[in-house]
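Student: Going down the list, the protein sequences come from chains A, B, C, D, E and F.
If you read the first sequence in the numbering used here, its first letter stands for residue 18, the second for the next number, and so on.
If you read the second sequence in the numbering used here, its first letter stands for residue 18, the second for the next number, and so on.
If you read the third sequence in the numbering used here, its first letter stands for residue 18, the second for the next number, and so on.
If you read the fourth sequence in the numbering used here, its first letter stands for residue 16, the second for the next number, and so on.
If you read the fifth sequence in the numbering used here, its first letter stands for residue 16, the second for the next number, and so on.
If you read the sixth sequence in the numbering used here, its first letter stands for residue 16, the second for the next number, and so on.
Because the hints were derived from the structure by calculation, they are not lab data.
Hints are not guaranteed to be accurate.
[What the hints assert, rightly or not] DSBU-like cross-link-like pairs, simulated, lysine-lysine; straight-line CA separation at most 35 Å: (1) E:K441 / F:K314; (2) A:K102 / F:K81; (3) C:K57 / C:K102; (4) A:K51 / B:K57; (5) A:K57 / C:K96; (6) F:K316 / A:K57; (7) F:K81 / D:K314.
Owing to the predicted nature of the structure, the values given are computational and were not obtained by experimental measurement.
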Amino acid sequence: MKLIMAIIKPFKLDDVREALTPLGVQGLTVSEVKGFGRQKGQTEIYRGAEYHVSFLPKIKIEVVVPADLADQVIEAIAKSAHTGKIGDGKIFVLDIERAMRIRTGEVDSEAL
Amino acid sequence: MKLIMAIIKPFKLDDVREALTPLGVQGLTVSEVKGFGRQKGQTEIYRGAEYHVSFLPKIKIEVVVPADLADQVIEAIAKSAHTGKIGDGKIFVLDIERAMRIRTGEVDSEAL
Amino acid sequence: MKLIMAIIKPFKLDDVREALTPLGVQGLTVSEVKGFGRQKGQTEIYRGAEYHVSFLPKIKIEVVVPADLADQVIEAIAKSAHTGKIGDGKIFVLDIERAMRIRTGEVDSEAL
Amino acid sequence: MMRPRLGWGVGALLPALLMAMPAFAADDGPPKIDTGDTAWMLTSTALVLLMTVPGLALFYAGMVRKKNVLATLMQSFVITCLVTIVWAVAGYSLAFTNGNAYLGDMSRFMLHGIADHIAKGVDTGFILGAGTDGAAPQTVPETVYMMFQMTFAIITPALITGAFADRMKFSALVIFMTLWSLVVYSPIAHWVWAPTGWIAGLGVLDFAGGTVVHINAGIAGLVCALVLGKRVGYGSDNMAPFNLSYAVIGASLLWVGWFGFNAGSAVGANGRAGMAMAVTQIATAAAALGWMFAEWMTKGKPSVLGLISGAVAGLVAITPASGYVLPGSSIIIGVAAGVICFWTATSLKHMLGYDDSLDVFGVHCVGGIVGALLTGVFSYGPLSATDASPDGSPGGLDQLKIQAIGVATTLVYSGVMSFVLLMITKALVGLRVGEEEEREGLDLVLHGEQIF
Amino acid sequence: MMRPRLGWGVGALLPALLMAMPAFAADDGPPKIDTGDTAWMLTSTALVLLMTVPGLALFYAGMVRKKNVLATLMQSFVITCLVTIVWAVAGYSLAFTNGNAYLGDMSRFMLHGIADHIAKGVDTGFILGAGTDGAAPQTVPETVYMMFQMTFAIITPALITGAFADRMKFSALVIFMTLWSLVVYSPIAHWVWAPTGWIAGLGVLDFAGGTVVHINAGIAGLVCALVLGKRVGYGSDNMAPFNLSYAVIGASLLWVGWFGFNAGSAVGANGRAGMAMAVTQIATAAAALGWMFAEWMTKGKPSVLGLISGAVAGLVAITPASGYVLPGSSIIIGVAAGVICFWTATSLKHMLGYDDSLDVFGVHCVGGIVGALLTGVFSYGPLSATDASPDGSPGGLDQLKIQAIGVATTLVYSGVMSFVLLMITKALVGLRVGEEEEREGLDLVLHGEQIF
Amino acid sequence: MMRPRLGWGVGALLPALLMAMPAFAADDGPPKIDTGDTAWMLTSTALVLLMTVPGLALFYAGMVRKKNVLATLMQSFVITCLVTIVWAVAGYSLAFTNGNAYLGDMSRFMLHGIADHIAKGVDTGFILGAGTDGAAPQTVPETVYMMFQMTFAIITPALITGAFADRMKFSALVIFMTLWSLVVYSPIAHWVWAPTGWIAGLGVLDFAGGTVVHINAGIAGLVCALVLGKRVGYGSDNMAPFNLSYAVIGASLLWVGWFGFNAGSAVGANGRAGMAMAVTQIATAAAALGWMFAEWMTKGKPSVLGLISGAVAGLVAITPASGYVLPGSSIIIGVAAGVICFWTATSLKHMLGYDDSLDVFGVHCVGGIVGALLTGVFSYGPLSATDASPDGSPGGLDQLKIQAIGVATTLVYSGVMSFVLLMITKALVGLRVGEEEEREGLDLVLHGEQIF
Ligand SMILES: Nc1ncnc2c1ncn2[C@@H]1O[C@H](COP(=O)(O)OP(=O)(O)O)[C@@H](O)[C@H]1O
Ligand SMILES: Nc1ncnc2c1ncn2[C@@H]1O[C@H](COP(=O)(O)OP(=O)(O)O)[C@@H](O)[C@H]1O
Ligand SMILES: Nc1ncnc2c1ncn2[C@@H]1O[C@H](COP(=O)(O)OP(=O)(O)O)[C@@H](O)[C@H]1O
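Only chain A is shown next, with the shape it has when bound in the complex (with noise of 0.2 Å):
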């Protein structure tokens, strides 16, 4: 199984949702994130004290999938989370062991 982390523009969010249930995927975790990158942010000025926007609001999407899915998963986040325009995020793969279904006990790929 592989954990997909993908860091995406918030407003990207339910396309990717979308492009990622017809492969198969029932579920996904999200977080609100800050991102620092090659996107630079806006200056807020507060009675003359400045401060630089460094970090911008992403989404970071955390989804297991069984490894042999793990190669359409990226190819739809990429494919839906894309605009072209500095930002848009990464993609990044990590390798699970192990997985486990609270509810049910279930484990591995039946945990997904």
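Once you've looked at the hints, dock chains B, C, D, E and F with the ligands against the given chain A.
Tutor: Only chains B, C, D, E and F with the ligands this time, still in chain A's reference frame:
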């Protein structure tokens, strides 16, 4: 060392933490996440505009433990986070290559 | 490639980011998390109801770097996040199998 | 509101000017309205509405968990709407028409007749208890008097909601509060504030609603908390308030609005209103500091929740006393309320083990009792003196006993009837949401909405 | 404001006392001010300002997404500032001086002459339409009258902002609103409320601004929504409100402040003000419950957004009626407004497919029309009767027709002129932010700020 | 408040009616109260309390970081409580009894004697400076006068808290503010506003507190900022405001409440109050726009924080002038305040390098000075004219010099005494929390609470 990553129902957090302490787990990190899965959310209606709440609030626990403790930890989480109702969540296990405690510079199992 | 995941004290974030730039790290992702560990929190009292704040605010940094940069990055984080007081946090290292930049489709070390 | 038995209202409330022109006062027709008094009562009405929405709504919403914030706001808001209609249809008539000693009549059903004196856009003053011995002519139109009283009828049931926060069904709330307003609030208001009311007849002093509003709501809240039972997770889960800054805004608006509540109860812009405002301010500050220092000494830190809770306790306690006491006494009333309510809300509640979520009993009932009794001790004669009763109602052991009767009656009647109405509501729609629903939060489950 | 054609204002607004001293009333000099009336109008001015900042600002900000909260607050606030200056410089003069039937003159340019009657710190009462047949002496100084009217001039354009929330350029807003205030608001206010205005001359009843404020802003909002187009992501993205608790605070402050709006429009602390306050309260509650139960039945849950939207719809609908109708009619007006606006905002809007972000048209225009027409049905004579017109303006088919003319005129003039001004603004600076900017949010893009 | 030296108060404040009945005015007894004036002063008192809680509390809390929000709210709230007691016990007596030119006496210790004129619930008007040449009879009871003044005594120290936000110990705040109220506020209020005060004797014009409130608080804030030192991380850490929407609500409530502050300082519902309200509104709008456009031009974007800061600067600057100037002048005062305070808060502060967290000096002290001096330029005679002084106090070089003396005196006295009191406080309990505690945030460390 293993990173145990568990997605659980928010109100189970204290139970899980209490279940881990007896095992010698001295630290863990939690984040608020939104989960998409088999469990279905409510529909929100704002003056005629309907939004389905497909993402439900979950808690992600990340705890790094020596490899030999992993089984016990997984079991403890699975038990304490269990309600038997849909949406109970998942437990994933990843391999950790190195660990370091910032305060002391101790590494690996010393650092946990 | 390695994923360096560091849990640090919130006010150290800017220091850490500045310590990484000279090493050529061009991107990273941070999340607000709550940490449970040796460091003990305050007690909150609301009209007689006492709640111990066992979870303290921490920042989680996730940065993916080429394997050969990992040592330097770990050291830089360890140094810049260090206060010597309890609760300084942890650094964990995981292996990353693949990486992709969504904007361009570049993969692996090109993508970082 | 004034205590009409003695009929001092006439002298106190007609403007000084009219007293200098006896030809006017001797008129048999309805009194003329005074624009200054009317201006103050219109303002007071707005201030007391401000107390409920958004004041009380925010005070309570700031103390619950995130998942119940909107539902809590909604409770105060919907009660404002429901009671407005109930009051216009029957509540006002039951409370403030002559009727008998126990209940008004239906002569103002649907506010019938309230426009009778309007001619060419001009209205006359209202005579409370017209035709009875205790007739108390006012210098404001009846519409204004009715509206001012309506805002009291609104806030009283809204106060109760703090006791069962986080767990009552919305349909149950709608039914229970509608019934409660008619069956509990209107009768008690009649007893205490109508010239024909039997408690008014005993000489009980309740200037702005220590018994009618606070003890009444507080004991009803306790009954609700006991009947509904504890919140799921009470004692184990973290139930820390989501956002106390809302509670601070709420408490602040309660304080500001309370000037309308207490000084407005003089039904005019007169000396009594001025003194009521002064003692309200002083008692509130004293109670807030009392609670704060008590907490600081016993728990180690002064909390903002403690400070604002103390302020509300002080506002409650000075309410029955506000038109009767002088500044010195108000400090004592304030400190007593602050320290005693601190103890009730932080210690007694745990000793007795009920889950009155936001301390409606601990603050409003207990604070109201402290105030009602101390009014009997500190009442200053000249503030309530009239030509007919040149000594007014000075404090003393006799008055204290009378006050205790008022307190006890309210506790018993409101407690018992609240229980009965809860049982009726339970039979109709049930009282409490399911455990799963309670965990998920009322915002989403009951109203299909949530905040960020 | 009163309907000056009949000149009843004189009788209604001079205090009762003066009427008892005919020597005063017969004076040719300017009327004396009445301190009670003045106190109430000073208070009402504060209350109506409270409606816009922070009331309306919060009501709207609570309904947008997080990234636009500050920008939305800023819109109401900057309009408050802009219109204050516009009104002082020319708007007041164009609206409330005699001029001709279509526009005032510039005799109060820069408020020139407003201090003419001040001597030794004392001012005289203001005569609206002095020297004309419809001259209506007031018992408050002109400064107070001007200020009270200013708060109406402020809130009207601020209401429009809800229609184009999340997408208008700030520079465009500044230009459009400045022009709109002068070109649309002042003329319509003159037509309806100046004694010389042509709509006033027809006998249209608009006590506190159903047409001048709500229909006017509502139709302008619809035009804005159509011209600017839909929000990016409308229909697909989740546009759930960031924090409805702000909207609840806002709606509550609107309600409280509306007492100044409606009861203040009696320009005095009199019987009419009392009745206006009463019917305002009752209609609001009825509308809120009407919307709530309609939603509960059709959508399955009563929402807090529905409840407060209904309250605002009720406040809007009772506005033109408030000094003319009795409590019973106000319940009907309220229920009608609640149910009809519920249908407009939740169904009609989707059927027609425009994106009026916060339902300015659905609530203010439609609610205003409901109220304006029903005023023609339910108007109760004695509230508007005078010596000159002992029957007042009772409701009926004739009055209904007159009301319809007022509604139609406002719809056409405001709709057309709003469109023209939008085109001018577009030519000058463009109307809408870019798509990227809209996605990122106005807070950061336009103002360089964000909330947590 | 009026300037009693000239004794014009008598003419201005007795209602017109009484002037028409000389028999009354000639009476030697205390003046009668006027219900309209009293209604307005009761309302004004509520409005000014609203300015501090929740107004100022929110304005400040919205500008700090999340970890200090509750602590910041608590500061304004606890000062409200502390000063209420201090004022009732001794502050009012020291400020407003005759005493000598430098300090009142203790004849109103514990408000002793304030109820002396109450008989049968009715009170008489209050004579400020009774028995002196400058005796100024009022048409409101002394309780009301005392309460109105109390709200000024409350907000002044609360304003200071913005300067040391995020870093002062709570115990230090409690001690410092209690002392400051007695040692700094009461004397300066006596000098400027008591008929016997020496600054009043010079003819300094300060209608509603430009010197007594704003310059006074502003310079004390600067001293606090300098003595406590900069916040940990100042200049490097991101100290962006947590939630500016709170600040917008706060600024809005300050604006609305300021009508009580300025128009209330006429101590009656009269022409002067009306003009004070009008110029307050206009100057505020002008200043807000002034700051906004200055920022837009120099920084590229108009920010909501800039807009509301400008509004507050305008409110501050018009405060001393509000009962003395006409609308045209108020625009100039407003624009000057907006632009100058923008420069102080955004440029001068960085040039000088002090850390006045929320710009108490830059907005209140500088804005107060602008207003105090321009009052000397623009004062319009007829607004302050009396029988005794038919020209009033027109602006001019002479008056400007007198104003400068008032400003300088306040700067020196308040600056020096604030420093001394800080040193005393430091010796007693220390001033500042530890660095670790400051990092963790005052909410948790000092009060054991936090918001979400
Ligand atoms: N090496 C990295 N490790 C972790 N996260 C990264 C890394 N590089 C980029 N990111 C994340 O991806 C986001 C987008 O990266 P950025 O460099 O701005 O643009 P692009 O993806 O177009 O190259 C960043 O905001 C950050 O959250
Ligand atoms: N494949 C997955 N990858 C990552 N997270 C998942 C995955 N499947 C489920 N989850 C997480 O687990 C939560 C619970 O899953 P769900 O399917 O709703 O119920 P259950 O755990 O009872 O099967 C989801 O809300 C989501 O956060
Ligand atoms: N085993 C662990 N797994 C995951 N996170 C951990 C673990 N141990 C500690 N942490 C994180 O590191 C933070 C600091 O740990 P703590 O024990 O308080 O102090 P220190 O780092 O000085 O030993 C914790 O708050 C938690 O977020």
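Student: Determine for every hint whether it applies to the structure shown.
Tutor: Hints, one by one, checked against the model:
1. For the hint pairing K441 (chain E) with K314 (chain F), the CA-to-CA distance comes to about 24 Å; that is within 35 Å, so the pair holds.
2. A hinted pair counts as satisfied when its Cα atoms are at most 35 Å apart, and K102 (chain A) with K81 (chain F) qualifies at roughly 33 Å.
3. Distance hint between K57 (chain C) and K102 (chain C) is fulfilled; the C-alpha atoms sit about 12 Å from each other, no more than 35 Å.
4. In summary, the hint linking K51 (chain A) to K57 (chain B) is supported, as the alpha carbons are separated by about 28 Å, within the 35 Å threshold.
5. At most 35 Å may separate the alpha-carbon atoms for a hinted pair to count; K57 (chain A) and K96 (chain C) meet this at roughly 26 Å.
6. Between K316 (chain F) and K57 (chain A) the alpha-carbon distance is near 18 Å, which keeps this suggested pair within the 35 Å criterion.
7. With a CA separation close to 24 Å, the supplied pair K81 (chain F) and K314 (chain D) stays within the 35 Å bound.
Violated hints for the displayed structure: none, as all numbered hints are satisfied.
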